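So the protein sequences, as listed, match chains H and W.
Numbered per my numbering, the first sequence finishes at 988, counting up by one with no gaps.
Numbered per my numbering, the second sequence finishes at 152, counting up by one with no gaps.
Hints listed in this document are in silico derivations from the structure and should not be mistaken for laboratory results.
It should be emphasised that the depicted structure is a prediction, and the values quoted were computed from it without experimental measurement.
Any given hint could be a false lead.
To be verified - Below, computed lysine to aspartate or glutamate pairings styled on EDC-like, alpha-carbon distance capped at 16 Å:
id	chain 1	residue 1	chain 2	residue 2
1	H	LYS916	W	ASP49
2	H	LYS915	W	ASP49
3	H	LYS915	W	GLU47
4	W	LYS68	W	GLU97
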Amino acid sequence: DTEVTQTPKHLVMGMTNKKSLKCEQHMGHRAMYWYKQKAKKPPELMFVYSYEKLSINESVPSRFSPECPNSSLLNLHLHALQPEDSALYLCASSQLHRGETQYFGPGTRLLVL
Amino acid sequence: SQQGEEDPQALSIQEGENATMNCSYKTSINNLQWYRQNSGRGLVHLILIRSNEREKHSGRLRVTLDTSKKSSSLLITASRAADTASYFCATEGTGNQFYFGTGTSLTVIP
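Chain H on its own, in the form it takes in the complex:
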């Protein structure tokens, strides 16, 4: 199984809402990633988890809170987002953190009103 799944596919939320994005992989990968992608732009790395520990936080605002409950799951908790946070949020995983192919999920398209 070389699939990374993400739920939900689409999400609309108000600026006062709290929501979570979920990502799951069953490839035994020990590194998982969150990216943000705006239209017609490349993905931008947000967070990296390696062996379930946060290893990279690319200066992401605290209204984005990642969580890695176990080696197969990765969550991104959202709170008090701004309209400019509307984007495609991509999850990826790789065997190890460095020097490895990343496998991407289909993404969650988020709209903040």
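Based on the hints, put chain W in the right spot on chain H.
Then chain W, alone, in the frame of chain H:
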């Protein structure tokens, strides 16, 4: 900050022609990868080339890497309509960074 710049930004070719896209980057790298993204979807890994390699092939894909010029190219031969997508290079730096380039939007006209 962005590591890679891709050229051209957009490319339109006829089916059967070859497509070449280039990636330039700024700092030393461990490896360089190429990914494809169909509109609004997740990215699909195409090929990884390590810093000590100069050329790599995978099916209709050929990737070159010139570390002295800090550049890479992706050649897709005998293009098909299904190759229509955005193509991104991604570099893994020696200092833990992982960045995608600006991307090339390829349209293959049937």
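Index of numbered hints that the structure contradicts, given in increasing order: Hint 4 contradicted; others consistent.
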